[in-house]
Structure formats: structure tokens, C-alpha cells
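Colleague: Spelled out, the chains give:
2 protein chains.
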Amino acid sequence: MEIEIKENIFNANDQLAADNKAKLDREAVLALNLMASPGAGKTSLILQSAKSLSDRLRLGVIEGDIASSIDADNVRSHGIPTELINTGGACHLDANMIQTPLAGIDLPSIDVLFIENVGNLVCPAEFNLGEHLKIVILSAAEGADKPYKYPLMFKVADAIVINKIDLMPYIDFRTGYFYDGVRALNQQAPVFELSAKTGEGVDAWASWLLEQWNERFGQGHGEPDTSR
Amino acid sequence: MEIEIKENIFNANDQLAADNKAKLDREAVLALNLMASPGAGKTSLILQSAKSLSDRLRLGVIEGDIASSIDADNVRSHGIPTELINTGGACHLDANMIQTPLAGIDLPSIDVLFIENVGNLVCPAEFNLGEHLKIVILSAAEGADKPYKYPLMFKVADAIVINKIDLMPYIDFRTGYFYDGVRALNQQAPVFELSAKTGEGVDAWASWLLEQWNERFGQGHGEPDTSR
Numbered sequence: 001m002e003i004e005i006k007e008n009i010f011n012a013n014d015q016l017a018a019d020n021k022a023k024l025d026r027e028a029v030l031a032l033n034l035m036a037s038p039g040a041g042k043t044s045l046i047l048q049s050a051k052s053l054s055d056r057l058r059l060g061v062i063e064g065d066i067a068s069s070i071d072a073d074n075v076r077s078h079g080i081p082t083e084l085i086n087t088g089g090a091c092h093l094d095a096n097m098i099q100t101p102l103a104g105i106d107l108p109s110i111d112v113l114f115i116e117n118v119g120n121l122v123c124p125a126e127f128n129l130g131e132h133l134k135i136v137i138l139s140a141a142e143g144a145d146k147p148y149k150y151p152l153m154f155k156v157a158d159a160i161v162i163n164k165i166d167l168m169p170y171i172d173f174r175t176g177y178f179y180d181g182v183r184a185l186n187q188q189a190p191v192f193e194l195s196a197k198t199g200e201g202v203d204a205w206a207s208w209l210l211e212q213w214n215e216r217f218g219q220g221h222g223e224p225d226t227s228r
Numbered sequence: 001m002e003i004e005i006k007e008n009i010f011n012a013n014d015q016l017a018a019d020n021k022a023k024l025d026r027e028a029v030l031a032l033n034l035m036a037s038p039g040a041g042k043t044s045l046i047l048q049s050a051k052s053l054s055d056r057l058r059l060g061v062i063e064g065d066i067a068s069s070i071d072a073d074n075v076r077s078h079g080i081p082t083e084l085i086n087t088g089g090a091c092h093l094d095a096n097m098i099q100t101p102l103a104g105i106d107l108p109s110i111d112v113l114f115i116e117n118v119g120n121l122v123c124p125a126e127f128n129l130g131e132h133l134k135i136v137i138l139s140a141a142e143g144a145d146k147p148y149k150y151p152l153m154f155k156v157a158d159a160i161v162i163n164k165i166d167l168m169p170y171i172d173f174r175t176g177y178f179y180d181g182v183r184a185l186n187q188q189a190p191v192f193e194l195s196a197k198t199g200e201g202v203d204a205w206a207s208w209l210l211e212q213w214n215e216r217f218g219q220g221h222g223e224p225d226t227s228r
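As given, the protein sequences belong to chains A and B, one line each in that order.
Using our numbering, the first residue of the first sequence is number 1, and each one after it goes up by one.
Using our numbering, the first residue of the second sequence is number 1, and each one after it goes up by one.
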């Protein structure tokens, strides 16, 4: 029975995720599901991406948190349209939770939607939200063994970000061991090494985002319209 | 129905947890449930605690991981009796999962059992394992806002460890903000600031563990017997 219930939950979620995606596609909005451990720097990466992309793509954000509006307030204070979901204990977002905040964002006025998931390297990997890309962010301070210990997250990732590379001189991050672990699970996902604190490496990540938007929506929509 | 199922799960778990605890009490073994985000340094803290306590308390370890035996192999290589549970995807340990590894450890030959939970600051907080003390470990690199964002974990903690204080000069950890967040949820839990890498601050933590053992088992058992 447990398996049956779980399958039903996943099927229902995937149906809602497909609805969300259709809505995003209609408005040519590229949606990213940002997943990471607590404190890996998801919000800082959003803010640095906004800075780097400011004259090229218009951003919106859905902030998922168990409690508090700390991140949402922070992002909003930078003038970025932001909707908050407090999951009230739930350890991940799902497609249903996204529907109300998605309706709250003026999609025609944005090109990229960052959905910041609950800080958790386990549960979010199992639930589609309707995103185009799943992004996994690792803080270098967490150590290089994470792909071996949390394989599903690195398997489903469309791109992987190693954040906080400014700490590299002070930690023992075994880079080769990390890449070996990632490539055993996932041959395709590009890996971006950056510091959302100093900005180092953020431009390569931002250019990749622009490419991703162009690949999907460039033809029918021309350049993204940033004149609002 | 969802609520009813959830209540039944918690009740069944608490019954098994009570069984586990009775077993530990009979053998005068103090059990600690170590909970933290991925990469906060749970295993390193176990190894440093073993070093600091080596002539005072005998340790055993249950290593909980979704996949891999990296941590278990590491702890075992230091001569510490260790049992491994791979949860195969599950995001936390529960009292039932503990039963087999608990039977695998020779309880009369140890005084303290560290149970390393799955790296996750959310789900493990909801499940008793039969431990005497819940310990939450935060890596300083995760940032000081964690009690605000993951309140349940800090609320249930019997002690809180801030690990990786060797990184303090390179990060922006707002110590006052962290303590304000903790004390709003939890007035009692002692907070230990330490580095499991350099060993700084570990002795205060280890002395507290010894006190905890003595409080519960010192009377009937005298000093813990380390002559094995």
C-alpha cells in the first residue's frame, strides 16, 4: 500500500508540474529549480545572477522556506519580483505548492524564474515542480564526498554549481574526487565553480543561463525584452 | 487520513524508540542522535570526541547514510566499533532502522553510542530513535540564520554545536543573531563552539558528554570502565 500511495502522489505531482510548465512555456519564462543543503548559498547565487544578467534577462523568484521570510525579504529588497511559500515543516516544494506563487508573479514581465527549494539535499530531488532545469548547488565547505552520499540529487541535476570557492584555500576540497563522483552518476551536467560572495565565476554561469533561454525561446521571441 | 496515518507512524516509532532506550539504559550506554546538514562535520566531530575521551569513555557508532560506506569505513579505521545503515533514499533514520545495528554493537563494551543521522536539517528532527540526547551540529559556513529557517531542529536540540570555527575569519557569521534565534526557540541547550578539524573547543564538549554519562549512570556504575 505504501508503494501504491507513493506512486499516486508522484503521478498527481507530475500532472500538476506539466500544467506549471505549460504556463511557463506560454510566457517564454525559463524556470530553474534551485536545490541545495542549508546554507549553500542559493539566495546569494540568485542575487549575483540578477546582477550579472541585469541588462539581458528579467528575473523573478519564488522563495521556498519551511519558516521565515528572510530570503524573500532580501531578494525583494533588490527590486526583484518575489513570491514566498512557507512550507510549514514540509521538507521540499512540490508542483501544487508552486501554483499560488506562480499565479502571483507577472510572468509576461520576466524571462527567468528562480524557484528556491527548501534547503535539503535529499527530498527535493524526487519532486518535479514544472521547472525546465534542476540546478544543484554545493557549498565547497560541505566537502567533495556529497555525490557519493546523496546520489539522486547529483543524478537528476541539469547543472551543478560549486559555490564558495573563495573558501578553497582554507578547506580540503578534493576536486578530482568530486568530479569522479559526479561523472559516475551524470555525464552531461555542466559544473560551474564560482563564488556568489565575490562574484568570481558568476559570468560563465549567467552566460549559460542566457544560452538556455535562447535555445528554448529565442526563435519565436527574439532577444528577451528588458525594456520595462 | 493523512493526519491519521502520520499519527500512527509517530506512535509506532515512539514505541520502538522506548524499546531501544530501555536496552541502552540496561547497559549504561549514553546514546546521542547527531543531526546536521550535509557536510557539517558529524563524522569529524565523532572522531575528535573519540580522541578527547579515549581514556574516559568507550565509544561505539551507528552511521546512517542514504548511500555509501565512506563515513563508516572512516570511523572503523580508527578502531571504533561501527555499524552502518544505508537508508536507500530515506531522508532520516527512525527507531526501527536502529534495531539491527543496535543488536550488532556489543553494548556492554561501550559507554557512549553516537548515532549519525542522515545529513538533513529537516526530517530527522521529527523521529525519536531511543537516544538520550539530540545534538544539532551547524557548520559555521552555513550561516547564522539557520535557527530562523529550520526552527524545529533547534527547538528539539539538547545541545548545539557550531563546528568549523576555524573558518570564522573568512565568513560573515553573525554570532549574536545566531544566539538570538536559538534562544527564542530553546532556552536550555548549551552551545559549543569548536573546530573538529583543529580540535579547538572539543575538550569542553567532551567534558559535557562525560557529565551527561555520569548524571545518568555514574551512581550505579561508578566510573566508566575503560579497561578492555
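By construction, these hints were calculated from the structure, which means they are not laboratory data.
Model, not experiment: these values are computed from the prediction.
Among these hints, one or two may not hold up.
As the list claims (entries may be wrong) - In silico DMTMM-like pairs for lysine to aspartate or glutamate, Cα to Cα no more than 20 Å straight-line:
| id | chain 1 | residue 1 | chain 2 | residue 2 |
| --- | --- | --- | --- | --- |
| 1 | B | K197 | A | D172 |
| 2 | B | K155 | B | D14 |
| 3 | A | K6 | B | D145 |
| 4 | A | K197 | B | E7 |
| 5 | A | K51 | A | D166 |
| 6 | B | K197 | A | D166 |
| 7 | A | K23 | A | D145 |
Colleague: Output the indices of the hints that this structure fails to meet, ascending.
Modeller: 3, 4 and 7
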